[in-house]
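Chemist: Those protein sequence lines, which keep their order, are chains L, F and D.
Note that our numbering numbers the first sequence so that position 172 is 172, with each residue one more than the last.
Add 1000 to a position in the second sequence, counting from 1, and you land on the number used in our numbering.
Add 2000 to a position in the third sequence, counting from 1, and you land on the number used in our numbering.
Hints are computed from structural coordinates only; laboratory data are not their basis.
Since we're looking at a predicted model, the values are computed, not measured.
Fair warning: there could be bad hints in the mix.
What the hints assert, rightly or not - Below, computed lysine-lysine pairings styled on BS3-like, alpha-carbon distance capped at 25 Å: (1) 2122(D) / 1046(F); (2) 274(L) / 1046(F); (3) 381(L) / 2108(D); (4) 131(L) / 2053(D); (5) 131(L) / 2125(D); (6) 2026(D) / 2108(D); (7) 2122(D) / 163(L); (8) 1046(F) / 2082(D); (9) 99(L) / 1046(F); (10) 168(L) / 1046(F); (11) 381(L) / 1046(F); (12) 2158(D) / 131(L); (13) 335(L) / 305(L); (14) 1046(F) / 2026(D); (15) 2051(D) / 2082(D); (16) 2026(D) / 131(L); (17) 335(L) / 1046(F); (18) 337(L) / 1046(F); (19) 168(L) / 2026(D); (20) 2082(D) / 2122(D); (21) 2108(D) / 340(L); (22) 131(L) / 2051(D); (23) 2125(D) / 1046(F); (24) 163(L) / 2082(D); (25) 131(L) / 2108(D); (26) 2051(D) / 163(L); (27) 163(L) / 2069(D); (28) 381(L) / 2122(D); (29) 1046(F) / 148(L); (30) 2053(D) / 1046(F); (31) 2157(D) / 163(L); (32) 337(L) / 99(L).
If you want the building blocks of each chain, they are given just below.
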Amino acid sequence: MAKKRHQNAALLTLVTSAFSLPGISAKAEGVPDSTSVKYRYTSYVEDNAPERFTVEGDLGRYKIQANQIQLVQPVGERASITFDYLSETMSGASPWGVKQGADNQPELIMSGASIKEERQDVAVRLKVYDKESSVSFMGGHSTENDYKAVYGGLENELHFNQKNTTVKSGLKVSIDRINPTQEEGQSRVSEEEKNSTSYSIGLAQVLNPSAIVQVGLEYAQLSGYLTDPYKLQDSRPDIRKQTIASLGYRQFITSTDSAFHLDYRSYTDDWKVKSHTINVAWYQNFGSRHVIVPSIRLYSQKKAKFYGVYFEGGEATEYFSSDYRLSSYEAMSYKLKYIKYFDTWSFTVAGERYESEGSSGEIENPALVSFTRWTVGFDIKFD
Amino acid sequence: MRCCLKIRSEYFFSIRFYGGVIILLSLSGLTGCASVEPWEKGMLAKPEMGWTPDPIEAAMESHIFFSKEGSSGGNVSGGGGCGCN
Amino acid sequence: MHHTIPVCILILIVFIVLSAPANSAKIGDSYPITLPSLFDSKKNISSNDFKEKVLYVDFWASWCIPCRKSLPQLNELRERLKRNGKDFEILAINLDSDPNEAIAFLNKYPVDYPVVYDAEGKYPKLYGVKGMPTSYILDLQGKIRYVHSGFRSSDIKKIEALVHEMLP
């Protein structure tokens, strides 16, 4: 009997040695262990256009109500599939343009209040995990009555150094079709296309048991019709090359049971738009059931080379725009979020206030936006 | 509020500030990163330590910023479309 | 801005160059374990207590997501093997930095087998644990016969088959 056991053990050694080879008997980490459903309702309300600068149109700017649903479903033991659905209703007036008023004051022309639009976005992502890597395939579709986009992407993650180092790379492509619903005074285009491709590479490194850092680089190229068909004075190049560098840092603080988040992004493009974005968040746990997250975001942007607060008469230059989004400005936003965990689900509520203002030494574009956002929702896990 | 915004942003957006942050991080990485064992990752595994703890809300935020600001990118999430008015 | 990108690339290169050498237990090796019980730090439990049994050594932590499945399923497997008269035992080695988190986990997912606590992470280093959870099946002589990292439900059948082979 004992002898037989030994023989079996020897055989078993051979068999199990093969099992213990890397990649054979190891399960990938990170695969979701159960089905989950997330829902978010968002209310986004922009402040009214400034009355003293607005000479035409409606003061009431954009309001958006959005519903988002996400379903994450494990597929077998090495993959997961994620469905995202978004439906949003947008209403309100939008800035048409800026003209030169008395004393060179900019005067804002708003659209009528009639705009009401809907957008729906559906996306699917399949993520396949291996022992030291994962690959994601993503595709989606966004539709508005005047704008359709089809997009897709590939993402790859490779883990090294006992998973202390992760290299990520990604490719994203979007093909957009614009069919502006023309309003009076604008009849620029009937149908145009816009394509964008983006390549990214990133590296995440565990620094110590409580800190991790990430750096990323992204290059994106937009081509096609990049002009805003809803602006009165707008003509933009048909190509835009963007370079984005980003830095992320996460630190857990045991003594206070909290996590510190720092995210920084540096952006530059060949339209000479430059921006810096910094986001700082503090995740404060209260026991294992409550989390409060205050955060602040600072944004600073330098204007595009063809931006002017207003243009009068026939334009001498090929490209021009008075779009506030291409102006020099600074923005600050504050956010407060609360998460309450129950056994199988959690509840989330978040409020955000965003304010922007023109950079010093520049005439402020009166269309610069400020908004308030509220988001409520829940996450459910089905074990 | 307006004055504070200016002073703060000038400091936060300076290249030196970020240069300093990056150098500090790389130094701490050099001294500490090779030693974290798989069983020491309990803190890093916490949901609040994720790069994007709430991806669905992050997608909404990045879509808003993409629609309302002059620059975009640098994040993994975020869908397509415009909603740009 | 002009400095940011080259500095980031530099960090990338520096981090890629860094890598950690790792110890790893081999099939046939024997590393006896003696650690205090998670629930009673004065009471030591040793792997030698389970000689003449096939011992399943399981390295786990409360934050490890697959462990939420592996611990309850291993507990069921242990019950089943015991009913079938197999000399099988599980020794779970908890690696939480805070043992109270492990105790809270076990209150939610209780197990009947012994759980010890390795505060210093001595044994995972010795065994060369590369992921959570990682398990080792020790034969009647206390030698490692099987190494397995990660956990999926289908593993239970494999483990059961192996135990049946080792204890015919």
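Chemist: All hints, please: hold or fail.
Modeler: Hint-by-hint comparison with the structure:
no.: 1; hint: 2122(D) / 1046(F); verdict: holds (23 Å)
no.: 2; hint: 274(L) / 1046(F); verdict: violated (35 Å)
no.: 3; hint: 381(L) / 2108(D); verdict: holds (16 Å)
no.: 4; hint: 131(L) / 2053(D); verdict: violated (31 Å)
no.: 5; hint: 131(L) / 2125(D); verdict: holds (20 Å)
no.: 6; hint: 2026(D) / 2108(D); verdict: violated (34 Å)
no.: 7; hint: 2122(D) / 163(L); verdict: holds (20 Å)
no.: 8; hint: 1046(F) / 2082(D); verdict: violated (36 Å)
no.: 9; hint: 99(L) / 1046(F); verdict: violated (52 Å)
no.: 10; hint: 168(L) / 1046(F); verdict: holds (21 Å)
no.: 11; hint: 381(L) / 1046(F); verdict: holds (16 Å)
no.: 12; hint: 2158(D) / 131(L); verdict: holds (19 Å)
no.: 13; hint: 335(L) / 305(L); verdict: violated (32 Å)
no.: 14; hint: 1046(F) / 2026(D); verdict: violated (32 Å)
no.: 15; hint: 2051(D) / 2082(D); verdict: holds (16 Å)
no.: 16; hint: 2026(D) / 131(L); verdict: holds (20 Å)
no.: 17; hint: 335(L) / 1046(F); verdict: holds (21 Å)
no.: 18; hint: 337(L) / 1046(F); verdict: holds (17 Å)
no.: 19; hint: 168(L) / 2026(D); verdict: violated (32 Å)
no.: 20; hint: 2082(D) / 2122(D); verdict: violated (30 Å)
no.: 21; hint: 2108(D) / 340(L); verdict: holds (19 Å)
no.: 22; hint: 131(L) / 2051(D); verdict: violated (33 Å)
no.: 23; hint: 2125(D) / 1046(F); verdict: holds (23 Å)
no.: 24; hint: 163(L) / 2082(D); verdict: violated (37 Å)
no.: 25; hint: 131(L) / 2108(D); verdict: violated (29 Å)
no.: 26; hint: 2051(D) / 163(L); verdict: violated (35 Å)
no.: 27; hint: 163(L) / 2069(D); verdict: holds (22 Å)
no.: 28; hint: 381(L) / 2122(D); verdict: violated (35 Å)
no.: 29; hint: 1046(F) / 148(L); verdict: violated (38 Å)
no.: 30; hint: 2053(D) / 1046(F); verdict: violated (37 Å)
no.: 31; hint: 2157(D) / 163(L); verdict: violated (28 Å)
no.: 32; hint: 337(L) / 99(L); verdict: violated (40 Å)
Against the hints set out earlier in the document, violations occur for numbers 2, 4, 6, 8, 9, 13, 14, 19, 20, 22, 24, 25, 26, 28, 29, 30, 31, 32.
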